[in-house]
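Protein chains: 2
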Amino acid sequence: MAEPLNIALAGLGTVGTGVVRLIETNAELIARRAGRPIRIVAVSARDRSKDRGVDLSRYDWEDDPAAMTVREDVDVVVELVGGSDGPALTLVRGAITHGKGLVTANKAMIAHHGLELAAAAEQAGVALKFEAAVAGGIPVIKGLSEGAAANAIDRVYGILNGTCNYILSTMEDTGADFGDVLADAQRLGYAEADPTFDIEGVDAAHKLSILAAIAFGARLRFDAVETMGVSRVKAADIEQARALGYVIRLIGTAEIDRSGGSPSLFQRVRPHLVPFGHPLAHVDGPTNAVVAEGNFMGRLLFQGAGAGDGPTASAVVADIIDIARGEKGATFSMPAGELEAMEPALTGHRLGRSYIRFTVHDRPGVLAEITAAMRDANVSIESLIQKGDPDNDGEVILAMVTHEGPESAVSEAMRILEGSDSLAAQPLVMQIIGE
Amino acid sequence: MAEPLNIALAGLGTVGTGVVRLIETNAELIARRAGRPIRIVAVSARDRSKDRGVDLSRYDWEDDPAAMTVREDVDVVVELVGGSDGPALTLVRGAITHGKGLVTANKAMIAHHGLELAAAAEQAGVALKFEAAVAGGIPVIKGLSEGAAANAIDRVYGILNGTCNYILSTMEDTGADFGDVLADAQRLGYAEADPTFDIEGVDAAHKLSILAAIAFGARLRFDAVETMGVSRVKAADIEQARALGYVIRLIGTAEIDRSGGSPSLFQRVRPHLVPFGHPLAHVDGPTNAVVAEGNFMGRLLFQGAGAGDGPTASAVVADIIDIARGEKGATFSMPAGELEAMEPALTGHRLGRSYIRFTVHDRPGVLAEITAAMRDANVSIESLIQKGDPDNDGEVILAMVTHEGPESAVSEAMRILEGSDSLAAQPLVMQIIGE
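First to last, the sequence lines map onto chains Y and R.
Each residue of the first sequence is one higher than the one before, starting from 1 at the first, in the UniProt record's numbering.
Each residue of the second sequence is one higher than the one before, starting from 1 at the first, in the UniProt record's numbering.
Okay, chain Y solo, but in the shape it has when bound:
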């Protein structure tokens, strides 16, 4: 058997210790598959004394992860420090400069600096791989960049954040409101102490921008992802949606828009209504799922565990095995210089059906005002549910679904109603995805 592939591991949180455990547990199998053993030579983390439940004494300890990038006995640096910039970015740049292969689970760093890093890795002739950055244990980066490589892909979408999906599907099962479920999720470890990145859709936007670059051969544009999280979804929305035949899911969607002159890039993360018959409607709990539509393969679905130490470690080690096999791959499925610069797509002309939830004061004339605004904006209403009695504040929920029409019309209706004292809160608009 060939020489081992030597790796150094920076960051020993749940994913880092998961990687250690995986490499130790499956060592023999991995060596058979990779054609050579994978050997951890050095590890690094902030706190050396912390008990992580794995025996690290057989590996060299580096107080400064930068030391790993200059060790002659290290082939691949595994960055699991986290954070889009700071120490993680310094480490990755250093590793590439020193000719080390680089494996990371860091979606924020790839979303912000992926193009620069890919170009640097190409120039240095080293691998830069990040399967674990998107959808945890699901090999969707590989699935798109290699499995679907023969296809022009015009659309990729899916459930990219396990925390949000856990919250929405638990709200669905229990009827509880957002805040209560979030608190439970934090207690159970499904949501972080500061859950902002997850629940406001930023984490999903990181992942979506990476998928879009790979699927479309487009330059990464994380800055252009239109993002709305799940914190405004109420139990009442989930109840109305169910009555109408839908579940609510936080969906990231990226499309190439060819309606203008040159192709432009549509990227959106938002809660959507998903019809019961759609495969994504059955994705519950912290599961992730990604759908890609290719011009020859048709619709392809990947589904699995979107987070957790085991699944994420599985993706990290799959990347390491690729490198051990001598299969570096192109970072975004093609050389960075080949990626096409695309402007963000306009969205007003997009056709679709929308769900709109109003919280209104319970008094005469309110319904007339809202329906008049819809008429004036040329929005055609398919169905409307006013939910029983007003609450203690004298407010009622009014939910409607529109017929298919341009998004600009719905925006216009919202503009007309802006500041109206009939409304007790800002309306919530959610798109409905097709079968």
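It should be emphasised that the hints constitute simulated quantities derived from the structure, not laboratory data.
Given the structure is predicted, the values throughout are model-derived calculations rather than measurements.
Since the list can't tell identical chains apart, any single copy or any two copies may satisfy a pair.
Heads up, simulated SDA-like pairs for lysine to any residue below, C-alpha to C-alpha not over 20 Å straight-line: (1) LYS387 / VAL429; (2) LYS328 / GLY35; (3) LYS234 / GLU395; (4) LYS234 / ARG270; (5) LYS234 / ALA424; (6) LYS328 / ARG36; (7) LYS234 / ALA176.
Once you've looked at the hints, dock chain R against the given chain Y.
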């Protein structure tokens, strides 16, 4: 850009012409992704004069595909002739001998001769790839052999035959009986004129044996797949299953059985009852889906188009792109010599719930005889449905679901009842899969 990768295409049926169309349509994109153009230099088929809807005049025509294997300008031979032996096998052996890479969609050939061919390809230092042999456009070979490579996988199962799935889900939707739906499927092109390989489960068994070898690192044992097709499933079974909360799907399951001394190989293709809540219950029409369970990644699901010229061509060309990128891969995820020889697993000790359908003569004592046989074999009955009125022959359908127990007990009950003149036909036993 680097030199083109030159390919020669043997077999110009729907998949072969699909490959030509794909390579022509997506040529520019493929060159960006592969880092070099993919160029068809020669084609071959039995009938040169046939109109295939694509212009083949720009490619050399070879009457004898063997000529492709000795052309100096050919890097990769694509075998789409079909058949486990005969001309396809001769062509593939010849290509490998002459140092050509080989891409094929031929599941029968790989199931029967995969080990021999993998060893030959390794020795010659050429790629042997067959993504299109399993589950059409779904990159499941790559997903298991690379994406899930860090995991010990103990179980892989799924819907592997689009024809059977189309028939079962259409029976479900229409209430029609097997024969009528099959005739429709043949008219619509979803089933072949001779559908035996599909409906008797042989095609699914070919695919399952390939998946098992890759997932488990086991030597291929197509001969040991226990196979039963869908031709005995009646509309009444589907109706009963639905009433009990299940759909019926032809499922191929492979597992490593560690209950004995050394690990043994369980491989079975059979119609199963699938609970509504399971992801496979929502796989309708000619779609395929594969689930793999790994010790770190958890449960992973791949779903997509299982057949058709576009999806199959997508998988064939993905393999060609891998070769163009210099990524040959190990044929069964590890060198052929590393694959472990496993004996077929015994099945009697397997625990599970079963559905049993009896067709009985409508007369006193029949139910007593059947339930006594169950008692004597120690099979515990969970529920029992006797369907209304006898048909014209005085026969009635009696369906039951057992509590969990060993398969040997159900077999013993069937043995006791064998030859009983209460039974108008051989009972049908189907396993029920868990959530």
